[in-house]
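Engineer: Following the hints, position chains V and S against chain Y.
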Amino acid sequence: MVKRMNKIVIENLTLKYTDGTESLNGISLNIVANATTVLFGPAGGGKSSLLRCLNRLNDLADVESVSGRILLDGVDILDPKTDVIALRRKVGMVFARPVVLPFSIRGNLTYGLELAGENRKSRHDEAIERSLKLAALWEEVHDRLDEPAIALSGGQQQRLCLARSLALEPEVVLLDEPTSGLDPISTSKVEAALHELKKLYTVVLVPHSVQQAARTSDYAAFFLQGKLIEYAPGTDIFTNPQTQRTEDYVTGRFG
Amino acid sequence: MEKDLNWREFIITRLIKFSGYSAVVFVSMIFFFLLKEGLPTLNEVPLGDLFSVRWYPIENYYGILPLITGSLLVTIGAGLIAVPFGIGTAVYLAEIAPRWLRNLLKPLVELLGGLPSVVLGFLGILILSPTLRVTLNLPTGLTALSGSLLLGGIAIPTIVSIAEDALDAVPKDYRDAALALGATRWQTIWRVTLPAARSGVLTAVMLGVGRSIGETMTVMMVTGNAPVLATGLADLFSPVRTMTATIAAEMGEVANASTHYHVLFFIGMVLFLISLAVNITASAVVFRQKKRAERVLS
Amino acid sequence: MSNFFTKNRELTQKLGFSLLTLMTLLTVIPIIGVVIYIIAQGAPAISWEFITGFPRDGMREGGILPAIIGTFYLTLGTAIFSVPLGIAAAIYLSEYAAENRLTRLIRLAIINLAGIPSVVYGLFGLGLFVLFLKFRTSMLSASLTLSIMTLPVIISTAEEALRAVPQSFRTVSISLGGTRWQTIRRTVLPQALPGIITGVILGLERAAGETAPILFTGAAFFLPRLPHSPFDATMALPYHLFVISTQVPEMPIKIQYGTALVLLVFVLGMNVIATFIRSRARAKRQW
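Protein chains in written order, with the numbering used here: chain Y, 1 to 255; chain V, 256 to 553; chain S, 554 to 840.
Just chain Y, with the same shape it has in the complex (with noise of 0.2 Å):
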């Protein structure tokens, strides 16, 4: 057995909005590195919170307070001194609505590039070709890169949403119920793109179900308004639950 490194290290993390809601109460929790971790449970569990802290995108929210650890490959990003920038560049996100920016689909793809002031146009065509072929995107927009992003479909939008924050080479890519919207067909097209993600970059996912969170999980944590109840590795957490609250949620006698 494989001695997994953690990429990500949450100490006692406690976050309160200033309106009162959705707060992180004494989270600690390990995310392996090149593994899928999924978050799951009922709405208000702290979920996407968890998540907007991991790439600190909760500073563009009312937020009262913030204590506690994460500690992204040792070093602690909740630090005033972090640069946000950067750590937003190695940690990736793909929202739960496909956002296409308003440009080409050469254009999204680049922009996160360009952002960062890489501007050569080798660069350019390397981190698209790259960013589409494991998105699982390159064969269907290949010849039609300079199309406006607006007229795929939201499937097709979705997936070049995922390779949008690809492009950037990041380590851990966070993902958000990124298929609520879509059809099976496109939901298990991303799926299959986060089984081929994991080998190179570290995955957290929140799903939109509990099925996708058994299909997709290599650690699976349950959460419950605000706190961690339960975290075991694979499926485990699925089939033999270790505490009531959780067997509930599982088998859906509540959510």
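These are computed hints drawn from the structure, not numbers from a lab. For clarity, every value in this text was computed on a predicted model and none was experimentally measured. One or more hints might be untrue.
Claimed, not checked - Calculated cross-link-like contacts (lysine to aspartate or glutamate; reagent style EDC-like; alpha-carbon spacing at most 20 Å):
no.	chain 1	residue 1	chain 2	residue 2
1	V	K272	S	E652
2	V	K272	S	D785
3	V	K272	S	E648
4	S	K837	Y	E129
5	S	K837	Y	D146
6	Y	K199	Y	E129
7	S	K687	V	E508
8	Y	K81	V	E264
Stated by the list, open to error - Not close to chain V: a few residues of chain S, all C-beta gaps over 12 Å, as computed:
no.	residue
9	E614
10	Y626
11	I633
12	W734
Just so it is clear, CB atoms sit at the ideal spot from N, CA and C, and this is done for glycine as well.
Structural biologist: Chains V and S only, in chain Y's frame:
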């Protein structure tokens, strides 16, 4: 290169912040200047004289009451025309007219709002005033009524534009609910839609009327410019002079720092304070309406 | 029972609708009538000489070129001062400002600036630019005065255009490692640009047609030459129309209508351009 980016971003952010404050700076500057040049009036002209009924600067009569009543009369007259026609047209466009007609007519009405006031004054002199003089058998067509009609015309586009937006913004559900309860469209408009758009319509009226008070060229050209105290609505048929026209007409002839000069700035200050009061009231009304709506919806 | 009530209400509705239709007609028809009348009366005066020539015989003959050029310069001058400042202020309000007391104060100030009578702007311009700063009666004084007057219009419309850009764009841009300014420059501002331009044109349209603010700050009735520097006074269409229709005896009616027509074309032309930009942008929008 990252450092370079930070420097530029810092400077740009600073410039943007200062630009944001600029509006406050300008309003303060304007107020300060009006005060600086207008307050000496209180030293130079006794308060009793200032609020007397005779405006004849050549002989040192600086009674501003006739100017105030002149502005008031013309504005009230304009309001009596603009409010019903403005709201009526807004209701028609928002609730009764088919979409294509509304999209055709609304820009047309807004076009009138874009007409320079001097053009309307020009037409007033050549067409409106002679017509009024003939049809109403008056000694002169240059009266407060001419001013009111034209100012009403200027205020209507503002009222229509904003009120129509407000009515259009009322959620369809409100109307559907009323109709489902058996109300006619007419009843729905007056009992449901219009009340729901109350704050927007009120804002529209206040801004439209506010524009009337501040109009200069049109009134200067058609109201006859006779600073006679107006005592009732009947004086609509006589010439009057507004505060704005007074400033515009006489500023060119005054000596710098003379009493006349200070009094004109004083009048300017009065106008500034009036528009300030109207605007604060309008935004307070909107703010309170918004708060009430938030409480209801949450 | 239901028959009576229904008939009564239907009648009320019919009458009411007719009344409102009538009111709308009474509002709309004069507008069309005014424009057509000015075109009809003024068109005979329009000739190449009218537009490119100088006035003669105390304005009673010849052309109005200096007034046209003057209005053009003033509009340009207004744009130079008010557009960058106005857009920057709008960016501040839309992208940087928190909803606190200072911001409310700024918004109140903007609403106030918008409501100040144009003649009071003229007074202010006289006091500050002409006298205090000693710029004299000049295009500079007039443009600066008109700029402050135009500022609230530009800020309001620009802010609205910026806010219309979906928030999700900003979130995505930040999540890809963008700073706030990068996000504004690369995504928000370009998408808001058509709306901003529309607002700018409408604001400048108003500035071009105003007389009172330039009365004491920059307008002159008769100048033998075109203005050479910003410190020169200038003729301007609105002021020209005002003087020739009220203060010049024996002024040919044709010339008055002709001047009015040229001013109308100038102002309404800008309106048409703005509307065109707005509808084209709406069609090409990628969100």
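Engineer: Taking the hints in turn, state whether each one holds.
Structural biologist: Checked hints:
1. V/K272 x S/E652: 14 Å, holds
2. V/K272 x S/D785: 34 Å, violated
3. V/K272 x S/E648: Holds, at about 10 Å.
4. S/K837 x Y/E129: Violated. S/K837 to Y/E129 sits at ~28 Å, over the 20 Å cutoff.
5. S/K837 x Y/D146: 16 Å, holds
6. Y/K199 x Y/E129: Satisfied, since the Cα-Cα distance of roughly 18 Å is no more than 20 Å.
7. S/K687 x V/E508: The given pair, whose Cα atoms are some 19 Å apart, holds under the 20 Å limit.
8. Y/K81 x V/E264: 18 Å, holds
9. E614: At roughly 19 Å from the nearest Cβ of chain V, S/E614 sits farther out than 12 Å, so the non-interface label holds.
10. Y626: Fine: 17 Å to the nearest Cβ keeps S/Y626 off the interface.
11. I633: 15 Å, holds
12. W734: Check fails; 5 Å does not lie beyond 12 Å.
Of the hints listed earlier, those the structure fails to meet are numbers 2, 4 and 12, in rising order.
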